[in-house]
Every structure is written in structure tokens, then in C-alpha cells.
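Chemist: For reference, the chains in residue letters:
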Amino acid sequence: MIKHLFKLIWNKKKENFLLISEILISFLVIFAVFSSITYNYLNYREPAGFKYDDVWMADLGSPVQGENKDSVMLVFANLKNALKGMPKVRDVSLSSNNVPFSSSMMGSGVEYGHVNIQSDMYRVDKDFAKVLQMKMQSGRWFNETDRNPVYLPVVLNAAAAMALTGSANAVGKLVKMEHQTLRVIGVADNLKDKSDFKTTSPGIYTLIDTSSIRGINTMLIKVSANADARFEDQMYRLIAGTTRAHNLQVAHLSEMRTKKNKEIIVPMVILLIISGFLIFNVALGLFGVLWYNISKRRSEIGLRRALGATAAGVSGQLLGEALVLATFSLIIGSFFAVQFPLLHVYDLPAGVYMIALLLSVLFIYLLVIVCALYPGKQAAAIHPAVALHED
Amino acid sequence: MLKNYFKIAIAVLKRRKFFTFISLFGISFTLTILIVLTAFVDHLFSPSYPDPNRDRELFVNRIRLEASKKNGMSMSPLSFYFFDHYVAALKTPSKIAVYTNGEMSNGYKDNRKIVVELKYTNQVFWDVYQFQFLEGKPFTGGQLENRDKVVVISAATRAKYFGEEAQALGKYIEANNTQYRVVGVVKPVPFLNNFCYADLYLPYTLVQDNLKDQSLQGRFCATIQVSSSRDLPALKKEFAGMISKLPRSDESYDLIYCYPDEYLEVLTRGLLGQGKDKSTGKAFLIFGSFLLLFMLLPTINLVNINLSRIMERSSEIGVRKAFGASARTLTYQFIVENLILTLFGGLLGLIFSLVVLHVLNASDLSPNMELKINPVVLFYSLLACLVFGLLSGVYPAWRMSKINVVTALKANN
Chain P
1 MIKHLFKLIW NKKKENFLLI SEILISFLVI FAVFSSITYN YLNYREPAGF
51 KYDDVWMADL GSPVQGENKD SVMLVFANLK NALKGMPKVR DVSLSSNNVP
101 FSSSMMGSGV EYGHVNIQSD MYRVDKDFAK VLQMKMQSGR WFNETDRNPV
151 YLPVVLNAAA AMALTGSANA VGKLVKMEHQ TLRVIGVADN LKDKSDFKTT
201 SPGIYTLIDT SSIRGINTML IKVSANADAR FEDQMYRLIA GTTRAHNLQV
251 AHLSEMRTKK NKEIIVPMVI LLIISGFLIF NVALGLFGVL WYNISKRRSE
301 IGLRRALGAT AAGVSGQLLG EALVLATFSL IIGSFFAVQF PLLHVYDLPA
351 GVYMIALLLS VLFIYLLVIV CALYPGKQAA AIHPAVALHE D
Chain A
1 MLKNYFKIAI AVLKRRKFFT FISLFGISFT LTILIVLTAF VDHLFSPSYP
51 DPNRDRELFV NRIRLEASKK NGMSMSPLSF YFFDHYVAAL KTPSKIAVYT
101 NGEMSNGYKD NRKIVVELKY TNQVFWDVYQ FQFLEGKPFT GGQLENRDKV
151 VVISAATRAK YFGEEAQALG KYIEANNTQY RVVGVVKPVP FLNNFCYADL
201 YLPYTLVQDN LKDQSLQGRF CATIQVSSSR DLPALKKEFA GMISKLPRSD
251 ESYDLIYCYP DEYLEVLTRG LLGQGKDKST GKAFLIFGSF LLLFMLLPTI
301 NLVNINLSRI MERSSEIGVR KAFGASARTL TYQFIVENLI LTLFGGLLGL
351 IFSLVVLHVL NASDLSPNME LKINPVVLFY SLLACLVFGL LSGVYPAWRM
401 SKINVVTALK ANN
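As they're listed, the protein sequences go chains P and A.
Numbering-wise, full-length UniProt numbering puts 183 at position 183 of the first sequence, and it's gapless, one number per residue.
Numbering-wise, full-length UniProt numbering puts 84 at position 84 of the second sequence, and it's gapless, one number per residue.
Worth flagging that the hints you see were computed from the coordinates, not collected in a lab.
A virtual CB, placed ideally from N, CA and C, is assigned to each residue, including glycine.
Wrong hints could be hidden among the right ones.
Distance condition first, Cα-Cα at most 20 Å in a straight line; then the derived EDC-like pairs of lysine to aspartate or glutamate [to be verified]: (1) A:Lys109 with A:Glu165; (2) P:Lys69 with A:Asp209; (3) P:Lys259 with A:Glu117.
Covered stretches of chain A, as calculated for chain P (at least 3 residues, CB under 8 Å) [what the hints assert, rightly or not]: (4) 180-188; (5) 251-265.
Isolated chain P (complex conformation) (with noise of 0.2 Å):
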């Protein structure tokens, strides 16, 4: 049966070409659509890690003048102590400005015996962990022993753990970042901190000392729930008063996190309309192109009637027909679907890839079904009599 149908379409092919290829373009901007929506969806499912609620980051805009690192050291020292002592403040940290929803990025190359992997680097200090309430996988969190050490201690994340020592526990190994050598002390959990629809990469974080103080500008500050813009406008002021920032800002993490959000969120909605429209215009064109195909038919069918095929039977074929040429396109599709993981043309995982082929796959034949089901119906209504009294 099967057979026979493909020897139908085989032998209207130069009729069917059009169709073939409306139905093979439509299937790759289908699964170019399932594609990033499944890459996003998987992103955003995966646990954030951290806790933003409350937190605001307060930043400078310009490194903190002061007559020497020592100096400018004080000045942070001082403004920790007085930020802390204000009623509604829990916990304070330094940071490099690369926090949580912002769009600074800051990298390094990190290396383990042959493994050399690019690291997002962080330099914070050892509230750092609990302002965000960080989440601990082995050995510790920066603490105040770490102050002199042999190696200078560093924290990873599990993915920079797994990409740098794979399944063996990464605490106490040695790793190399900028010509220096560090001692892992502890393996933190990834946080989801570009937003909440970009994977994590491998991060390493680092303690803030007189070497990198220059460079720091940023801090993060966790506050009560009942924290309000009177209370904010007093912290802004001994922050300003303090350090005489020249562009002081401070926002709150969850703000930002809406911000960074909609970057992703926006050209989603828009790629979802704009293709949701075109295959509507899609569906409509074969509909219409079925309908059409089953009307020039109509003595065909008709024979096939009086010759005793059931309505469902007709029905049936006209569907047949309909998702073999269907499953001509996706075959054709599916072999440049898949050059995309074989290629590594985006630096999407392959699961994500297989996934989506799947999906547009079935929402292809369910599109097909939808729009062969009622021309279907209309050729099976028909009466063979009629039909063959036309002719």
C-alpha cells in the first residue's frame, strides 16, 4: 500500500515539486525555531544556584582613588564595616564587576596538567557566598585562614571541576591561571548567572587581596525584605560619601535579572510571531493546494467509489498521499538538519538538536494531517455517480 502510494506521488513528482519543497523549507524553519526554543527551555530549567532576592549591587563607575593599594584596601575595609552596621544590611561583599546579570565578562585560560580550559574569572571576597548563598558541592568557601597561603586558593565551579579534572574530586589538586599556580580549596555549585537562559560555563573564582584591589569596583550587598528607596538613598550616600565615586549606581539583582531576561526573551517572542504567521500562511497554501488537487480528481475518486472503496478508504489514501509527500521533505530536511550537530555549526549540545528534529518532525506530519483531513473528508462525500456522470 505504502509502495503503491509512493509510485503515485514518484510518478507526479514535476507536480509535486513545489509542494515537496513549500513543505521541506517550512520543516527547516520549523526546526530552526524548535532549536532555540528547546535550547532555551533546557537553560532555563537547569536550578539557578544562587539566591538574587534582595540582593543589589552598588557600582562605582571608577576605581577608588586612594594613595596606594594598602590605602584603597582601608577604604574598603572602612566602608564594609559602616555598610554592615546599618540596620537593614546582612551581608556585604566585594566583587569584580562581572556580577551576577550584568554584561561585563571577564575571562582567563586555566590549566591542569594537559587540560587547558577558558574560565570565566571572578575576583570576590569571602562574603561573597553568602550574600548570594551559594551552594558549596565539596571542600570550603574562602574563609579567613586563606590570608598568606604557600598557592594561592581558588574556588571552581562544577563545570569548570568537570572540565578540568573530569569525575576525580578537584579539591587540593593544583591548577595554573596567568602564569601562577593556585590550590583548589573547594567546588561550588554552577550558578545561572547570565541569565536565566544561558547555560553555565566552567567559572573559577578568586580571593580579592592588595594585588587586584586596584581593579575592583563593584560590590554586592544583601538587604532585608523591607529595604525601600529612603533606605536605598541613605546607603547611595555613605557609599558616594565614602569612596567619592565618580558614577556610583546602585540596582537590585532581580531588576537586572528582568533586563537580561528580556534580551532573550524579546527576539524570542518576535521569531515565535513572525514564523507562527508564516507557517499559518503555510498551512492555509496547502490546504488550499489538497483541496484543489482532490477537485481535479473528482472522477477518480469516483471510480474508485464504484468500485466498491469505502469513504474511509478514500479518505484515507487522499491522507496516505498527503504524508508520503510529507515524508519525502523530511527526509530531504532531516539530512541538513543533522549536518548541523555532525558540523558543530552552533555550539549547541546534539541532544538539543535530536530533540528538535523530533518535534518538528511530528508538528511537519501533524501539520499535514490538519490540513489533508477535511479535503479528505470532501473526497470521501463524494458520490460516485455524480462524479462519473460528469465526465
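Dock chain A against the given chain P, drawing on the hints supplied.
Modeler: Chain A only, in chain P's frame:
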């Protein structure tokens, strides 16, 4: 003759209403997207308030330094010294506006937080960019020199601080933990023009870094204006000569990439060229292939439908052929019919896009964005319409003109 074709086309359109609907839907929808897209591109690139002389301006907004030995790279805006010392010495420029990128800061008023974007500018900035002042005027050279804490604000900022319709001239606003006296209020500029968009415009002398610092990197950008667009190549050449003479060393950096770019180039170089290559060709390629792919689907759909419609009329074609109509006449007729259909769809598309543009302008997707259909956009849409009509009409018409008279007359349905 055309009138006749028109009559036939209308009659055909009326006959198969469902097919007509599909065609019109496809055409008008595709056109709407194209018009909205071109309006957006037009908003991004064509000279408009407050930058009417964009065709004789070049922009310098980043410098890329590379240490090829150490595999190191850094890219940032430039120092004030760079513009003051090197660029100011060039002979081709007639005006050089120097300003910082937008920098975020906060102000607090009546227990409300106001987030503002600051821009520090020089005096020439107000000359290069033709802001429309609703109140007051730009800060003067004297105020700039004295480091007076004065500010020009946008009307949107005035509304945030003082309420709608309030006068702001001479009043003080607080941002950045500092009181600034308002000397001018300007009509807001589009958010997407980040060379001149800001909420507060301050004298550049108020930045607290050392303006005499001789390093190349810093926080400043510049718009360089020349007296006529014919001088742009000369300026680029002179600028490149100046860059090649900049001091460099193996220690810190040995490669310097810094270019005065036209408006499109400065965007593509940043987005696609990593501050090195101009990449305008790449940008056109990406944009073009996206457009082509986007238009391909509705076109094939339309070809498919047109084919069905025309084949339906095989008996009519057979009769006309039998009475001596040539293949060319028939092809011509069907293309004209199809063009009429496309133009009709185009008209609908125009109406839809007016609605969409209105909705987009009213939404706060991008502040102060005013998308409109200008004559250029209209021309391109019309062109797109014609191309669309031709593309989707030619193949079916050709197929139809090949029909054998005898088969066509015999089929008779």
C-alpha cells in the same frame, strides 16, 4: 487592454474567495514584516534628529590594542588625551564632538529612585548635534572651564524629576550624589542612537579621571564632522596615518586598531568585526540571506496557489490559444493579473504595517523610537511588492503558456 486585464483579474479574484484570501494574506503579511523591518533599519541608519549631518560625519568609539607576543588583547573607548592631542591636530576635521558613552547613575527624590544615564560632553557636541532646546541653552565654554556643576537634561528626565509640563530652568536636580543646576532642557533623542542618547548631559571637565593621562584607552568617543562628504576619504587616510605613528612597544601592545567609521561601519565593526574588520559586507550577507529565506517560503506558497488557480482556467486558456493568442500575450496577461493581486495585497500590507508601527511606537520597547513610513521605505516596499508579484507569477504563467491546446480543451474542467 490593461483595463480588460484588470476586469478579468477582479472577476477571477471574486470567483475563488478562499484562494484569494490565502494569496492576499500571504502577500500582505510578508509585506507588513518587510515594511516594519525597513522602517526599523531606516530609524537606525538614516540621518534624523538630532543628527542631520550624518553623511559628513565619522565616528570613533573604540580602540583595540593587541600584544601579539603575549596573546593579549583589550578593547575600550579612548582617552580624552587621544582626542585632545592627536585627533585635534588633524587638518581635515572641521568639528570634533567628544563625549563619554552613557554611564548609569541614580538620583533619589521624594523616596523614589530615578535611574539616569549620564553623558559628559565638550562644547562642540552641541554644535555637531542639533538638539532642539525646549528651555535654556547648552552650557557655555566658561562654565565648562570653571567646572560649574551645570546640566542639560532631556524632557523625559524633566518629567521624572519635576513632573509633566513643569519648568526646570535654574532648578537643581540631584544625581550621582551631587546637585546640578539645570541650564537647558532638550527634546529627547532615540534610545538606539547611543552616540547622543542620555538623560543628563554634563560638562566633560566634571569627570574625575585625569584628563591629561597619556594612555590611549579611556572613556571617550568622538563624532568628527567635515565640511563636505567628499572629505571623508581624506579624513580616513589622515587618521590612519596618525594611528600608524602612535608610539607602541612589544611590552604592552604592538598592534593598534582604531578607525573613524561611518555610522553603519561603526556598528558592524563592533558587532561582527571585533573592532578590527569593517564587516559591512558580512552584515549585508547575513541580512540579505535572512530576507531571502524569509521571502522564499511565502513566494513558493504563492507560486503553488497561483499554479492551481491558473490550471483551473485551462479551458479558458485553451480557447484563447485556439483563437490565436500567442504564448507571450498569455504570459503577459497572467503576470499583469498577478501583479494586480500583489499590489492589492501590498495595499493591505501597508494598512497593517501602519497599525503595527503605531503599536510599536506606543510600546516602550525602545524609548523615543519613532518608526514611520517615509517615501524611501514606501518605495522599497513597492519594489518588494513588484519583485514578489513577478517571482510568484512568472513560473505559473510560463507553465500555463506551455499547455497543449487540445488537452486543455479536452479536459474541460
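Chemist: Taking the hints in turn, state whether each one holds.
Modeler: Status of each hint after checking the structure:
1. With a CA separation close to 18 Å, the supplied pair Lys109 of chain A and Glu165 of chain A stays within the 20 Å bound.
2. The suggested pairing of Lys69 of chain P with Asp209 of chain A holds, with an alpha-carbon distance near 17 Å, which does not exceed 20 Å.
3. For the suggested pair Lys259 of chain P and Glu117 of chain A, the alpha carbons sit about 16 Å apart, so the restraint of at most 20 Å is met.
4. Using a Cβ-Cβ cut-off of 8 Å, 0 residues of the stretch 180-188 of chain A lie near chain P, which falls short of the minimum of three, so the contact claim is violated.
5. Chain P is given as covering the stretch 251-265 of chain A, and this is violated because 0 residues of the stretch bring a CB closer than 8 Å to a CB of that chain, at least three being needed.
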